[in-house]
Amino acid sequence: MKRGLALYAVAAYAFLHVPLLVLAVFSFNSSRFTVWEGWSLNWYRAALHDGQLAEAAWNSILIAVASTVLSTIVGTLCAYGLWKRDAKWLSGSLYLSLVTPEIVMGISLLVFFQWMFRFLHVQLGMHTVILAHVAFSLSYVVIVVVARLRTFDASLEEAAMDLGATEWQAFRRVTLPVLAPGIAAAALLAFTTSFDDYVITSMVAGVDSETLPMVVYAMARRGANPVLNSISTTIVAALGALILFSERLRES
Amino acid sequence: MTRLRSLFLAPAGVIIGVLFVAPLAIMLVYSFLTRGAYGGVTADVTAENYQRVLDPLYAAILLRTFVMAGTATLGCLVLAFPLALFISRAGSKKNLYLQLVILPFWTSFLVRTYAWMFLLRDTGLINSALMAAGVIHQPLPLLYNDGAVFVGLVYGYLPFVVLPLYATLERLDKGLLEAAADLGARPWITTTRVVIPLCAPGFRAGALLVFIPCLGAYLTPDLLGGSKTVLVGNVIQNQFTTARDWPFGSAVSLLLMAFVMILLMLLIRRGGEKLI
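In the order they appear, the protein sequences are chains E and H.
Numbers 1 to 252, taken from our numbering, label the letters of the first sequence in order.
Numbers 1 to 276, taken from our numbering, label the letters of the second sequence in order.
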């Protein structure tokens, strides 16, 4: 039975990893067809010289940075507030937003923005995408930071306040430093989910705010294109490097 | 003290209130209105949109969605259990093996879905390899069908089941396994008669964690499914783009939300939210 399990595990890990690995290998293929002809960097060069792609990648980074900063600050404060005393309606709404299907969230935000635009003279664009991303990444941040707070000894904070610190000072000087690795992990999760999101983004994006996943989606739809293999591999490698970096950060 | 606490909660409350609750509330109102000529809504109140969901056409799509989500969940449970068992018995390498399950999950969902298009399409790797080897002469129709959607969903959500199953296996009382062995049960019998029943909480939590996102799946059926593999998520998207029937799209969305809420409450009651 032990050998059977080990064999099964090999197959299961192959199922999980081989699709991305073959994609990575074929991104270096010199042929434009799915037949191996030898190594080349053609498709990476083509991706690098694509102006639309560069602009979309830049938009994605801007949106991910802005929404990560916002959701990390707001989410950390919220997690701390919830840790002190429960607010059922708020934590309930946060959990619900976590499991709400992306398509429903995207559509409801589109309907909401359209409704707001009757009163405000603005249009869909970078700002609506950033707001939407804050809305869906907030719950991730809160959950990660709350998990970290569960391991935090509340008496440390009480001791600080007994010694004359105000509640804010105790939070700022005692609790926050202990939470830092958890907050970093939460920020990273917010960044990757924002950088990767297609469904919600495509609903609330305007003409000036095309993101990298929107380009990837359009290319995947259009049919076989080896440039997409190089873009995909780059995205996976970049996100992977980011994860490894955060693991280091947490260990130190 | 209390004042400061509400200050901590206020920004999140405003964001969730304005960008999550209010949009859903607007959709709730729209779902009882009538469609406008060029999209949008007119102010005639009606319950027709909800009645239309019961049309044979949409009832069939709803049923298909439940069947697809159910089979994908079952597939995940069956595939995940032996893997979780393997990891829980891996000794010092447990963490490495667990990381290997989570790692692909961290990378882009869109790219992972595209990877399957790359493998399955007519000019994709599997068909190209089989044709080059002379096994087939016409490409097999692997993409744009129910099977491809099933594979995409299982691939996407497998870690959601492995993690809670592994957590319950770790908490298992090892004494019970020894007792079964002492009483003469072979490893296979111990697994099926003792370990699997004791893992029931992990199976339940894992099933809900996969079933919920599968029910609202949009991207997977959109990219891997054909014109016949329409799920509820695609119907919703279609009502707001090509069909321009916002009230009906809103009604379908809220119905889907109702199912998701019921499942979420089940999950929380079972204590599964700690496993998210």
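Simulated from the structure, these hints should not be mistaken for lab results.
All C-beta atoms in this analysis are idealised placements derived from N, C-alpha and C, irrespective of residue type, glycine included.
There could be a bad hint or two in this list.
[Said to hold, decoys possible] Estimated spans, in silico, between C-beta atoms of each pair:
#1 262(H) - 168(E): 38 to 46 Å
#2 176(H) - 17(E): 31 to 39 Å
#3 62(E) - 36(H): 31 to 39 Å
#4 262(H) - 122(E): 47 to 55 Å
#5 172(H) - 54(E): 31 to 39 Å
#6 33(E) - 270(H): 47 to 55 Å
#7 243(H) - 17(E): 35 to 43 Å
#8 147(H) - 8(E): 20 to 28 Å
#9 50(E) - 176(H): 28 to 36 Å
Hints versus structure:
no. : hint                        : result
1   : 262(H) - 168(E): 38 to 46 Å : 41 Å, holds
2   : 176(H) - 17(E): 31 to 39 Å  : 34 Å, holds
3   : 62(E) - 36(H): 31 to 39 Å   : 35 Å, holds
4   : 262(H) - 122(E): 47 to 55 Å : 37 Å, violated
5   : 172(H) - 54(E): 31 to 39 Å  : 52 Å, violated
6   : 33(E) - 270(H): 47 to 55 Å  : 50 Å, holds
7   : 243(H) - 17(E): 35 to 43 Å  : 40 Å, holds
8   : 147(H) - 8(E): 20 to 28 Å   : 22 Å, holds
9   : 50(E) - 176(H): 28 to 36 Å  : 60 Å, violated
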